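Enquirer: For reference, the chains in residue letters:
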Amino acid sequence: MLLITCPHCGPRAQTEFSYERTVDSVVQPGAAPAEAMARLFTRANPRGLDDEIWRHTFGCRAWLVLTRHRMTHAITAIRAAGPEALP
Amino acid sequence: MNGPRRGGAAGAIRFTFDGRALLARPGDTLAAALLANGIGLVARSFKYHRPRGIMAAGVEEPNALVTVGAGGREEPNTRATDLFVYDGMVARSQNRWPSLAFDAGSVLGLAAKALPAGFYYKTFFGSAKRWMFYEWFIRRAAGLGDAPTAADPDRFTQRAAFCDVLVVGAGPAGLSAALAAAEAGERVMLVEQDRILAPSLVRDPQDLDPAWAEATAARIGELGGRILLRTTAAGYWDDNLITVSQRLAEPGEPPAGGIAQRLWHVRAGRVILATGALERPLAFAHNDRPGVMLSQAVRTYVRRFGVVPGRRVVIAANNDDAYLTATALRDAGAEIVAVLDTRPVPAGATSGFPVHNDAMPLATKGARHHLREVSARVGGKVMHWRADLLAMSGGFTPVVHLHMQAGGAALEWDDASQSFLPGGARQNVVSVGSAASVAPVGPTPPPENPGKAFIDFQNDVSLGDVDLAWAEGYRSVEHLKRYTTLGMATDQGKTSNMAALGRLAEKQGVAIPEAGLTTFRPPYTPVTMGLLAGRTERDAGAHLRRLALFDVHQAKTPIWQPLGYWKRPRAYPQGGENLAEAALREARSVRTAVGMTDVSTLAKFEVSGPDAVQLLELVCATTVGKLAVGRGRYTFMLREDGLVFDDGTVWRLAENRYLLTSSTGGADRMAVHLSYVRQFLCPQLKVSVVNVQEHYAGIAVAGPTAKAVLAGLIGEEVPRHMSAVGASIAGSPVMVLAASYSGERAFEIYAEASLAEPVWNACEAAVTAQGGSLYGMEAMEFLRIEKGHLVVGGEVDGRLTPHDLALDKMLNKAGGYIGAAGLARPGLTAPGRKQLVGLEAIAGTIPEGAMLVTALGQPAGGHVTAAARRVLESGSIALGQLVDGFARHGEELVATSPTRSQSAAVRVVAPHFYDTAGERYRD
Amino acid sequence: MTDITITALPAAPLHVFEIWSNPAVVANRFEAALGSSLPVLGAALQLSAMRLIRYEPTVWLAEGDPAGLAEILGADGSLTAIGGGVVRVRLGGPGWRSLLMEGGVFDAESADFAAGSSAATLIDHVNVRLYVESDDACLAYVPLSYARDMIHFWTVAAKSLV
Amino acid sequence: MTSYSALGLLRGVFNDQSHWQPAWRDPEPQANYDVIIIGGGGHGLATAYYLASVHGIRNVAVLEKSWIGGGNTGRNTTLVRSNYRQKPLHDFFEFGLKMWEHLSDELNYNVMFSPRGALMLGHSDSDMTRLAERGDAMRVDSIDAELLSRDQVAKLEPQLDMSRDARFPIEGGLIQRRGGTARHDAVAWGYARGADRLGVDIIQKCEVTGFVRQGDAVVGVETTRGRIGAGRVAICVAGHSGHVAAMAGLKLPVESQTLQALVTEGVKPMINGVIMSQSLHCYISQSDKGGIVMGGDPDNWPSYAQRGQPMVTQGAIAQAIALVPALSRLRMLRTWGGVTDMSFDGSPIIGPTPVPGLFLNGGWCYGGFKATPASGWTYAHTLATGTPHKLNAPFDLGRFARGDTIDENGVGPLPNHR
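Protein chains in written order, with the working numbering: chain A, 1 to 87; chain B, 1 to 923; chain C, 1 to 162; chain D, 1 to 418.
Please note that the accuracy of each hint is not assured.
[To be verified] Below, in silico cross-link-like pairs of lysine-lysine (BS3-like), each with a Cα-Cα straight-line distance of 25 Å or less:
#1 Lys452(B) to Lys87(D)
#2 Lys567(B) to Lys556(B)
#3 Lys65(D) to Lys507(B)
#4 Lys65(D) to Lys155(D)
#5 Lys65(D) to Lys129(B)
#6 Lys567(B) to Lys626(B)
#7 Lys452(B) to Lys113(B)
#8 Lys205(D) to Lys129(B)
#9 Lys155(D) to Lys129(B)
#10 Lys390(D) to Lys87(D)
#11 Lys205(D) to Lys65(D)
#12 Lys289(D) to Lys113(B)
#13 Lys268(D) to Lys251(D)
#14 Lys155(D) to Lys507(B)
#15 Lys390(D) to Lys129(B)
Simulated from the structure, these hints should not be mistaken for lab results.
As the structure is a prediction and not an experimental result, all values here were calculated from the model.
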């Protein structure tokens with residue numbers, strides 16, 4: 001069970017978080033249909049590092065982008081997404 | 001085994017084994033007490049039902065498994081070596097019929113030659129039915145103990161713990177490491193699976209005075225360290241999260257506080273593994289006979305429990321440690337008739353024991369299921385000794401399970417000790433003491449009769465089976481394990497894996513490290529399922545979610561209906577009514593007078609800010625911006641792939657404040673969707689989305705006289721259809737939204753949940769005054785089906801487009817809503833798609849969920865999503881999905897339900913049966 | 001055995017407000033109006049008639065009379081009432097830290113979680129928000145629909161704390 | 001290659017069972033094959049077997065990066081059934097179920113297919129209606145499905161908690177009596193032996209590291225044991241589909257996520273068939289060795305590590321004990337994880353890829369084991385003829401962009417929303 005260092009709350013247990021989708025799957029509103037469907041229906045799905053969108057669902061409810069390795073589960077980078085926030 | 005094996009007082013703890021009343025001393029394990037009482041035969045092996053005794057003194061015991069406890073507390077497959085006797089303990093042997101001494105199953109042992117490893121893959125052919133005939137017998141012979149049938153009376157709890165250092169094992173190495181960390185000011189947790197500190201010091205007091213252990217533990221406690229005995233570190237997970245199982249009562253023992261065990265989720269800064277080492281057996285013919293034991297285990301029984309398991313002893317070993325056992329036995333009055341040392345002279349020369357070098361046991365003989373004679377090859381010749389105990393030691397295996405479970409960990413081969421030592425690791429973990437290195441060993445000659453030399457004692461796997469697997473091509477270590485079931489018993493190969501690996505490496509012609517290892521998986525030792533479930537309540541880990549007005553409804557003893565984790569009133573039967581009768585009465589009162597129901601569980605979001613419309617017109621596929629303040633409208637939402645996944649209503653409460661409602665079933669999913677769109681996709685928007693699902697309790701009042709009821713309640717202007725006003729009822733501020741699901745003129749009243757009861761009571765008084773009544777979910781289904789309103793999870797099943805649901809006319813012409821891109825896919829507008837239709841029964845009652853076929857025997861062209869009877873008139877109607885349904889109105893089909901042997905002739909019609917022009921909404 | 005009292009407090013006004021634009025400017029307006037700055041994440045600000053507790057990056061919980069908040073926010077944020085859906089449960093007695101470890105994954109026993117601290121986490125599958133009143137009391141903000149079960153869970157757990 | 005029989009075992013009594021031959025050879029890779037199958041799991045080995053036995057194409061190699069049957073074939077909970085709601089799925093799985101019924105004789109290897117019944121429990125009237133709908137969809141396509149009352153369910157599985165005040169009271173169930181379990185390892189080994197006897201080369205310890213291209217077309221693979229040419233290359237690596245397809249520049253509608261399972265210590269018979277539920281996500285059965293085998297929700301996060309996190313299995317066990325309280329005092333013996341290739345509508349993908357000469361069989365989510373015979377048979381047909389069979393035609397790679405997805409749960413593309 002990972003210990004995920006939330007940029008807002010500090011290190012917290014993985015069960016407080018939920019994985020939503022990968023960055024390469026994000027469909028921006030208004031994207032052209034072909035590009036939107038290519039992003040929605042195909043994944044790099046590497047056996048290594050990938051950028052993933054998580055949420056600290058049961059903590060600060062913020063959205064996070066993790067760079068995480070799919071064999072070792074090691075998180076090499078994590079940043080907060082979402083609106084500009086006061087410290 | 002003849003005669004008791006312990007001098008002095010018999011002990012005061014009463015227990016029974018297979019009905020025999022016996023006595024034990026405090027601190028005895030069941031194994032120690034059985035040996036003390038002269039009981040050698042304690043179990044039957046899994047496959048051949050061979051007689052088995054006690055081989056070890058710890059968790060690695062493969063043979064001595066018993067069922068202990070009574071009723072729902074009964075625990076099968078409990079190791080007698082890992083069970084401390086308590087007063088009144090009831091223990092029974094397993095896997096034997098009619099008795100332990102005379103087990104019919106042992107006939108399998110006689111047929112052993114015809115039943116090698118994997119025999120079941122080569123026979124029992126014929127039909128699947130014929131295999132099930134053989135399987136019936138196999139399943140009864142297999143399995144060990146019996147599961148209890150009564151409910152478990154005890155509870156199990158789970159708890160988190162955080163520490164800088166977790167030390168596993170309170171032996172000398174573990175205690176020293178824990179002390180050092182505590183004195184350095186670190187938050188320390190020390191866990192020990194035994195009941196006492198440093199059991200190895202009790203076995204070998206010459207190493208260190210056992211009193212040192214007590215003093216060290218006390219000091220650690222003073223420094224704030226937490227020490228847990230009878231506690232096993234069972235699983236090592238990511239980022240140093242270790243699952244630790246603590247026994248508060250012995251297996252089968254009624255726990256003092258009602259809690260049998262506690263599971264700790266420990267997050268440790270770093271982990272120190274002081275898990276010691278396990279002794280290896282030797283492989284020779286009939287090495288599984290009761291009376292053949294591991295050397296250190298014998299020493300433990302002598303020194304810790306005062307039990308001398310044999311009077312005439314043969315020691316067989318390839319290392320020096322076994323001589324300590326010889327000394328302990330001699331000091332306790334046993335006679336060492338021979339020490340068989342596999343190593344050449346001068347090994348053992350100065351020991352003072354009758355040592356035979358280059359010696360390896362050949363076979364054992366027995367009488368009445370106990371050891372009587374040992375034969376060995378000494379140099380060139382064969383020798384024999386009468387003996388009632390054979391203490392064997394094939395060297396030691398460091399316990400590397402947790403190190404390997406940590407993931408990304410390496411093992412290094414140590415030739416001197418012929419064992420794997422823990423190497424580097426990805427996580428912050430280190431091994432100390434004999435978990436990190438063990439004594440060197442001499443050679444271990446292979447047995448001369450591999451077919452009868454057992455390596456996995458519980459699953460009856462011999463070295464002969466390993467040879468057979470090799471011959472048949474099962475040559476990877478994983479194939480070997482799965483084909484022979486070696487290492488798949490309850491001891492998970494703790495005393496068998498190394499012997500098998502040695503043989504496999506020999507066959508592959510490589511050194512053991514190259515032969516490969518099987519995967520180390522949690523748990524280290526088996527963990528009680530109830531503990532893992534954290535079984536405080538029988539709630540399947542899913543709390544019941546209660547309505548704000550739960551007690552108000554409960555007082556009327558409704559029929560409750562689950563939806564997700566909620567429960568909602570389905571009907572309020574009166575005077576012996578059944579569900580259908582109550583629901584029809586309730587529905588009719590809504591159609592003819594007025595009815596009232598609880599709609600609190602609807603998902604509700606308050607969306608406020610200048611960019612509220614921009615957000616709402618992304619999530620909703622209909623326009624929102626055109627709404628005037630105080631007005632609302634129906635809407636629906638698409639997934640990114642263009643398919644409808646939810647629907648609801650949107651209301652403009654104020655200039656920049658909207659209320660969005662959507663389905664109860666989809667509430668959590670909608671909350672995530674809205675948050676993803678607002679926070680991740682459009683962080684720059686000036687808008688707040690707040691989940692107010694539970695902030696408001698919702699009361700719907702519907703019916704021809706609903707308007708009069710509302711006028712009486714709120715006094716001023718009652719909102720017209722799809723309008724909203726603020727008001728107050730019973731002194732509480734409320735929002736009144738004029739929306740209708742039932743098809744009647746209706747109002748949804750939202751009051752702050754904590755103030756809802758007086759509002760409900762006021763409404764109930766007003767409704768009953770108008771001759772109305774409460775109605776539940778069942779009546780609502782009748783009403784909404786008749787009206788043709790959709791249900792998420794019914795008609796909206798996540799597979800249909802707006803057009804398929806006849807909602808496309810409401811789509812926002814400007815586009816830009818989530819799902820618009822998905823809708824462009826050609827397949828979504830091709831012919832042959834399922835479309836929403838209404839169904840009228842020509843004959844019979846339409847079964848909900850039935851398949852729609854042109855005639856019986858034809859493939860299904862669609863199905864019934866919702867069925868009900870007309871409310872005021874008679875007749876069975878339904879909504880459904882039908883291929884190209886829009887073009888097939890008037891067609892006659894059959895709605896067939898073979899599983900319920902029901903069917904009805906139906907006609908395809910428009911999905912609206914009641915007030916199709918919508919006059920009943922207008923005043 | 002540390003004794004713990006678990007009491008559900010009567011409903012009180014609870015609002016959330018979010019700042020969506022010009023956060024720094026709005027923060028100054030708050031400091032001017034309240035006399036001290038908005039609490040950072042994981043902290044709280046106790047005022048005479050109200051307490052502000054921070055659980056989210058852009059949202060604050062306001063417990064008590066929210067008078068004046070909407071004006072300070074102006075067009076840079078909005079205020080929404082949520083009190084109906086929350087039950088405040090006080091865990092009284094020095095054992096509250098140990099109690100919060102039951103069925104939990106958050107380190108309530110850590111010294112960093114001192115008086116005035118706030119944290120949201122998962123306890124026995126339920127999303128609970130915590131506010132440390134003192135070393136002898138902690139408030140738990142529990143969703144209404146789960147409140148009865150959570151109070152039962154804590155009451156049972158309190159009997160066998162470690 | 002000696003055939004297996006009880007007589008063979010008796011003969012072994014007199015020669016210490018020394019007459020048995022290796023079940024499959026351990027050949028060196030040849031330079032060229034007509035078909036290369038990447039992945040030595042149940043599906044890959046079955047494909048090779050049917051290429052050789054049905055289509056007479058024997059110049060085939062199965063390349064396995066470690067040991068055959070070591071991926072999901074060796075990690076699933078061995079359930080076999082065809083009780084799916086969507087027609088393309090239940091037609092496909094039913095075709096497979098009929099093959100299961102004769103597989104042991106076909107392969108002369110006892111795969112222990114045991115139709116002890118696959119039961120889905122209903123915990124409310126709406127659950128029972130949903131189960132009836134599933135059963136009706138099956139029966140209309142002549143697949144066996146029966147609704148059971150509370151009493152029938154209680155008689156079938158006496159260990160179930162039938163109390164009215166249970167958190168999820170049991171109202172009844174839907175049973176497919178022809179469903180059940182099979183011995184997973186035996187399926188891989190049986191197909192391997194069968195294929196090997198027909199001349200297929202099964203090459204273990206041989207990982208594919210890249211594709212050999214001629215213009216657009218794939219004409220071979222690079223492996224850890226050298227280059228191997230092929231007329232057609234068939235990807236059949238389940239959880240690693242994304243990883244292998246990427247070597248050919250393909251991005252798939254698949255995300256690899258962790259699914260955990262566990263087994264208890266063995267006990268005497270207590271659970272007769274397969275127990276699943278319409279509302280709870282756990283699934284339970286008892287192996288022939290007496291261990292209770294179960295699983296539940298997936299871990300819902302991407303991983304190739306074949307390990308999950310403990311709270312997920314604990315959730316599944318809590319659900320299982322709510323259904324079968326007697327499980328409380330049994331002990332979990334071992335827990336493990338597999339890599340499930342979660343496709344973006346929950347249905348498999350069997351057919352050609354846009355890359356000439358390269359075919360794909362994957363997207364099995366957590367339902368691959370039961371499909372092994374049907375997957376092998378239809379994939380072999382597709383590889384032999386170049387075009388899909390009518391059973392796997394609906395499961396083509398292009399369906400996502402086209403909008404013809406087959407969504408059993410109706411929750412759309414994101415696997416963790418399932």
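Enquirer: What are the numbers of the hints that this structure violates, sorted from low to high?
Expert: 1, 4, 5, 6, 8, 13, 14, 15
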